[in-house]
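Student: Residue numbers (our numbering), protein chains in the order written: chain U, 1 to 168; chain Y, 1 to 52; chain P, 1 to 597.
Do not rely on the hints blindly, as some may be mistaken.
Restricting the straight-line Cα-Cα distance to at most 35 Å, the calculated cross-link-like pairs of lysine-lysine (DSBU-like) are [what the hints assert, rightly or not]: (1) P:K528 with P:K18; (2) P:K528 with U:K8; (3) P:K528 with P:K174; (4) P:K18 with P:K174; (5) U:K8 with P:K508; (6) P:K502 with P:K18; (7) P:K528 with P:K24; (8) P:K174 with U:K8; (9) P:K24 with P:K174.
If you want a taste of the chain U side facing chain P, the calculated C-beta under 7 Å gives, among others [claimed, not checked]: (10) I18; (11) F21; (12) S23; (13) V25; (14) T47; (15) L49; (16) D52; (17) D100; (18) G119; (19) L137; (20) E150; (21) K152.
Computed footprint of chain U on chain Y; a stretch qualifies when at least three of its residues, placed anywhere within it, have a C-beta under 8 Å from a C-beta of chain U [unchecked claim]: (22) 12-24; (23) 37-49.
In case anyone wonders, no lab produced these hints; they're calculated from the structure.
Where a beta carbon is used, it is the ideal one built from N, C-alpha and C, also for glycine.
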Amino acid sequence: MNIHNYEKLWLVLAMVMIIGFISTVVYGATAVGIEMVNDEGGTIDSTALEEDDRFAEPRVERVGDNEYEAYVVARQFIFEPDPIEIPANSTLTFYVTSPDVIHGFEVVGTNANAMVIPGEVTELTVELNEPGEYGILCNEYCGGGHHTMEGKLIVQPEDEFEQGGNDE
Amino acid sequence: MSGENTVREIGHDEFDPYGTLALILIYFAILSVMWVFMYFVEFLGNDLTVLA
Amino acid sequence: MSEQLESGAPTFLDDYPKEAAVVKAALWSSFIALALGAVFGVIQALHRTNILRLIDSTDYYTVLTAHGVLMVVSFTIFFLVGLFTWATVRSFDRGVESIRYTWTWYGLMVAGTLMAVVAILGGFVPQTDISADVLFTFYAPMQAHPLFYGGLTIFVIGTWLAGADWFWSWRAWKAENPDERIPLQAFMVLTTMLMWYIATIGIAIAVVVFLLPWSLGIFDQINPLLTRTLFWFWGHPVVYFWLMPAYLLWYTVLPTISGGRLFSDPLARGVFVLFLLLSTPVGIHHQYVDPGIAEGFKVIAMTNTMFLLLPSLLTAFTVVASVEHGARQRGGTGLFGWLRALPWRDPAFTGMMLAGLMFAAGGFSGMINAGMNINYLIHNTIWVPGHFHLTVGTAVALTFMAATYWLWPQLTNRRLFSRPIALAQVVIWFVGMGLMSNAMHVMGLFGVPRRTAEPQYEGFEFVTSFGSITELRLQLAIGGTLLFISTVLFVSNIALSAGAPKLSGLGKPLSEPLSGAHDSPEILDNLKLWFGIAFVLVVLAYSLPLASIISRGGVLGPGVDPVPMIIEPLGATLEPLVASLQPLLGRLAAVVGGVGA
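Can you build the whole structure from these sequences, using the hints too?
Tutor: Here is the structure:
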């Protein structure tokens, strides 16, 4: 086996780069605390969402101080509830599922981006600090009206939310 | 095997691909800088990181 | 550049006329798919950027399905079987064992393609129930017509038989040459096919066990996460199935046309072994943001994927070093000055070099795709098609076109119709893809989704940090148009070459590697060993995730109904169509004694 020294050098550098990439991702997962969407959302009978207390009525629920949960149904070709309203400075966990086909759930221009698969519940938690509005779109082809499938996430100033959003 | 444009034959032991080494080191530098930019600026600097 | 055309050597057509006919047929099948795919491609590029809308947006997805399937199944794989037949016959220096058998697998692949294409194009005809608007990934519970799944099955069986043809040649050759090393090109063909046999287990189970009987109404429900995971079991290694023929050309043809010799045969063999081992146990990296798969499995997929960069990075060095060897033999000097000594007027050379350069860029966006959590940033945005138009869409496609300029005269004994047009064609592709892919990558970072007819929403706008969406859309559309023009130039150049006069002596022998096969350890040629290890790695990587998916949702799902993908233009609801399918499904189900639809 006749490998040139330059090639050996490149082999070493390539390995260093690969290990560097893996280390960066591990740093993001541990030090920054970024978690991947995983199997903790559980399964669900997608033909009977109306019998599920979370998804029969898609909604946002307050579950603690500054902690909210949004039960979202992504279906051809809408997101429910729409808009999703939440006060600023809160932690929001999305639970998203689908009664028909695979969809995408993307809060536009952010890292909140996941697949929605019928039979599975996608769970992801984000922190919403500043008031503002985000678009939500479906980024997995789901049928002829796919390009119209959009929604909204509205982060309201805390004082305004108490007045407008408390009566659910 | 030599084409008609060959002006000299170079065997394995007399060939040091230092031009290739230079190009590949430039590529290595670009990849490293771009990776750091994409991960730490574009990704970690972006809104709504998924924390659980 | 006529000196390269007049070596006086006999051509492949002179030596193996029967095999040359099969190779030509396979390449023509590939180019027809490319031409049709390009028509569908430019329609999309102009439609989604709102420059020119020739179709209804609901039909966009029929167009997209056709573009995807024609390009990445028909164009790439027909080229592969043609090239691999050429490479096997050439490097063993013996004809195929049975030309009838060879035509049989080619015929199966054509039949399979026609079935799938009919099913897809049926989507344009509202009067028929035939349709397959399910895109290249055909994720259940979207349901295509059984013809679509049946066509895919027959096509894949054709490729299996093709692989068997090349193994058959190997056995026959080995019986006569028991002590020789496997010739390099044949080695590449055989390792690639071993990888393919392992990879297609996933798609075969997904289609034959689940999707086809399900589309026939034999059972109603399906586990979408399971079929999706089986799809990606195949869906990642298939990209290496597209890429390996390009690697074969870079390793064995590019050094010769640059005037040099392959730097290292042992390293080339090592690279193909690494691809055999690592291509398959990585598919879950397409599912980083899927629910229902534990994070640990995603970490394993990421680690494997990152190490899969290694053979490509090694290839970059070996191939560029071989080209540098050519440049230095041609009198090139200096740290970078040797680049000027290369045959840039040769379209085959320039095309492959530009393809390699774009692959270096595509390699970077692939590294981002591989990085598990950074996937949140770009998953299912138009960044992803931006990436694979650099890899399969340029590294592979442009290399195939460039190699055709070199190979075609040896298959036909006729010169190319026009070398200047060929040179312009490869440059136009490079420029067009540079524009289109750049715009796609940048828009992806702003969250613009892929696979969408009209990424123009009512409730929000995409926020750009530099450039404007309008400018980027224009860039994408100009790039897509240039690519279409380039494809037309390519296909018409090859077609017009049929009118060139017959010549003899157009053969172009390949140069021997600087460091030859005898420098490489014998163990590299132990295909059984590598196949065994590759198989074990796949079992290790997939058995637990698949077991977990099945134990969570069941083999036939946690309760998910089929959603037939027949899209009626004008936005009519799906219900009447579903209703019209019910009797058919019911009858079929009754026949097999299953549960009625």
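Student: Against this structure, judge whether each hint is valid.
Tutor: So, going through the hints one by one against the coordinates:
1. P:K528 with P:K18: Holds, at about 31 Å.
2. P:K528 with U:K8: holds (28 Å)
3. P:K528 with P:K174: holds (15 Å)
4. P:K18 with P:K174: Measuring from Cα to Cα gives roughly 22 Å; hence the hint holds.
5. U:K8 with P:K508: It holds: about 33 Å lies between the C-alpha atoms, which stays within 35 Å.
6. P:K502 with P:K18: Given that 35 Å is the threshold and the Cα spacing comes to 18 Å, the pair holds.
7. P:K528 with P:K24: Given pair K528 (chain P), K24 (chain P) holds - Cα atoms ~32 Å apart, limit 35 Å.
8. P:K174 with U:K8: Holds, at roughly 33 Å.
9. P:K24 with P:K174: Given pair K24 (chain P), K174 (chain P) holds - Cα atoms ~27 Å apart, limit 35 Å.
10. I18: The hint holds - I18 (chain U) has a Cβ within 7 Å of chain P, the shortest such distance being about 5 Å.
11. F21: holds (6 Å)
12. S23: Violated, about 10 Å.
13. V25: holds (5 Å)
14. T47: holds (5 Å)
15. L49: violated (10 Å)
16. D52: Where the cut-off is 7 Å and the nearest Cβ of chain P is about 11 Å from D52 (chain U), the hint is violated.
17. D100: holds (5 Å)
18. G119: holds (4 Å)
19. L137: holds (6 Å)
20. E150: Since chain P brings a Cβ to about 5 Å from E150 (chain U), closer than 7 Å, the hint holds.
21. K152: holds (5 Å)
22. 12-24: Our answer is that it holds, as 7 residues pass the Cβ test (under 8 Å) against chain U, meeting three.
23. 37-49: holds (count 7)
In this structure, the earlier hints numbered 12, 15 and 16 are contradicted, and the remaining ones agree with it.
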